[in-house]
Amino acid sequence: MMNTNRKFYLSLIASALTLSTFNTLAAEQEEDGINIHGGVRVNYAYKDYSESSKDKAGDFTFDMASLRFDAKHGNWGLKSDYRFTADTNYIKFGYGYYNFNPDWQLQFGINKVPFGNLGYISNSYWFGLPYYLGFEDDHDIGIKAVYEHNGWQTDMAFYKGAEYGPTENKRYAADLYSGTINGTEYHNEETNQVNLRQTYKMEHQGGSTTFGASIEAGQIYNSKTGNNGDRYAFAAHLDSTFNGWNLQLQAMQYEFDAADSADSNKIGVSVVSWQFEVASKGQVYSANIAKTLPTDWGSIKFYNDFGLMTPDVDDDSYDNSMQNVIGAAISAGPTYTQIDFIMGKNMTFSTANNDHIGLPEVGDDWDKRFNVSVAYYF
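Count the sequence shown with mature numbering (1 follows the signal peptide of the UniProt record, and there is no 0) and you get residues -26 to -1, 1 to 352, in order.
Keep in mind that the hints are not guaranteed to be accurate.
Label-pair restraints from in silico Cβ distances [what the hints assert, rightly or not]:
#	residue 1	residue 2	range
1	337	76	53 to 59 Å
2	217	18	52 to 58 Å
3	49	336	50 to 56 Å
Distance condition first, Cα-Cα at most 27 Å in a straight line; then the derived DSSO-like pairs of lysine-lysine [said to hold, decoys possible]:
#	residue 1	residue 2
4	144	342
5	319	265
6	275	342
7	275	86
8	144	265
9	30	265
10	46	86
11	319	175
12	175	86
13	134	175
14	30	342
15	30	46
16	46	134
17	86	30
18	319	275
19	28	342
The hints are simulated quantities; they were obtained by calculation from the structure and are not laboratory data.
Don't be surprised by glycine CBs; every beta carbon is placed ideally from N, CA and C.
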């Protein structure tokens, strides 16, 4: 089990590209035409809880290659991003859009689910805790309308389902999984999801502050019984910048109420060639701070990202999950390097014996790992 989990760590890292940088280095095209671009990434990882990692002084591996396609003709356009790793390949997004006017855009296809902070609720390569529950940088199949005017942004969306089927575990961000995990059989599938997010950006001396709230609701289809359960999530979020400083705060509540569940306290999800279990109901709190320093050759951003998940289920043995990432991001020309020190407690992907979120904890320790990723964008 642990060998498989360690292998998955590399797969996850290969998928978890910090796309805010991607957008900075390859700005969206405004004029008519076609633009093909992408990136290549390598990764170094050292885990203090892995004897083999210690013996080898860490591992240096190929991370991923990304190919992006942007096209625009008049008010119509297309955008896509496809990823290739050592073990698999998958689509991140692929959608068409139509600009009704400077304020309104309609997107149709695999597009970004509007939930939580407008960009990311993280600064690090490792993403924030909501990512592993399916609430950060998720992309599903549906239609979305975006309105932007005088600092206000409204996102309204309907998604018929996830970008891949429920039995597939190769995917960029977490979705509900149908299959067996640790002896528990799941038959769940996301369907008929609606999202609404409202934000307001207030400009002030030295920067800006964006306030927002999000809500998500949908069904959970049980492929074995044919019955539907329900799911929901809502969040309040803030993203503020001042003289190079950035503060991100978010509080969210979620619940997966699956029909005919074998255990109503937990549910299965999958992401990039792996599957794991999470508490079916809980709260997630995120608090991130960063400072960006400009240089003659680019910039350096120092940051600390913290996430806490508190399960809210009927089983008192379920424990909190926590993740903290302290690091630095170095931008220089077409390259972007992230140096992260990750600490996890009862948290999947960053601990040795707790491949879950919010379930009963094995041990009582913070596990630690060190990660360096280097990307070149073209």
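Here is what the structure says about each hint:
1. For the pair residue 337 and residue 76, the supplied restraint of 53 to 59 Å holds, since their beta-carbon distance comes to about 55 Å.
2. For residue 217 paired with residue 18, a C-beta distance near 33 Å fails the hint of 52 to 58 Å.
3. Range check, residue 49 to residue 336: about 55 Å between beta-carbon atoms, so the 50 to 56 Å window is met.
4. In summary, the hint linking residue 144 to residue 342 is supported, as the alpha carbons are separated by about 26 Å, within the 27 Å threshold.
5. For a cut-off of 27 Å, the pair hint linking residue 319 to residue 265 stands: about 26 Å separates their Cα positions.
6. Only pairs whose Cα atoms come within 27 Å are accepted, and residue 275 paired with residue 342 is accepted, the gap being roughly 21 Å.
7. Between residue 275 and residue 86 the CA atoms are separated by roughly 25 Å; this keeps the pair inside 27 Å, and the hint holds.
8. As the CA atoms of residue 144 and residue 265 are separated by approximately 34 Å, the hinted pair breaks the 27 Å bound.
9. At most 27 Å may separate the alpha-carbon atoms for a hinted pair to count; residue 30 and residue 265 exceed this at roughly 34 Å.
10. As the CA atoms of residue 46 and residue 86 are separated by approximately 19 Å, the hinted pair is consistent with the 27 Å bound.
11. With a CA separation close to 34 Å, the supplied pair residue 319 and residue 175 exceeds the 27 Å bound.
12. Taken as a hint, the residue 175 and residue 86 pair is honoured in the structure, with Cα atoms around 20 Å apart against an allowance of 27 Å.
13. For a cut-off of 27 Å, the pair hint linking residue 134 to residue 175 is broken: about 30 Å separates their Cα positions.
14. Straight-line distance between C-alpha atoms of residue 30 and residue 342 comes to about 17 Å, which keeps the hinted pair within the 27 Å bound.
15. For the proposed pair residue 30 and residue 46, the alpha carbon gap of about 48 Å is over 27 Å, so the pair is violated.
16. Only pairs whose Cα atoms come within 27 Å are accepted, and residue 46 paired with residue 134 is accepted, the gap being roughly 26 Å.
17. Only pairs whose Cα atoms come within 27 Å are accepted, and residue 86 paired with residue 30 is rejected, the gap being roughly 39 Å.
18. Of the pairs offered as hints, the one joining residue 319 and residue 275 holds, with about 25 Å between alpha carbons and a cut-off of 27 Å not exceeded.
19. Proposed proximity of residue 28 and residue 342 is supported: the alpha carbons are some 12 Å apart, at most 27 Å.
In terms of the numbered hints stated before, the structure departs from hints 2, 8, 9, 11, 13, 15 and 17, listed from lowest to highest.
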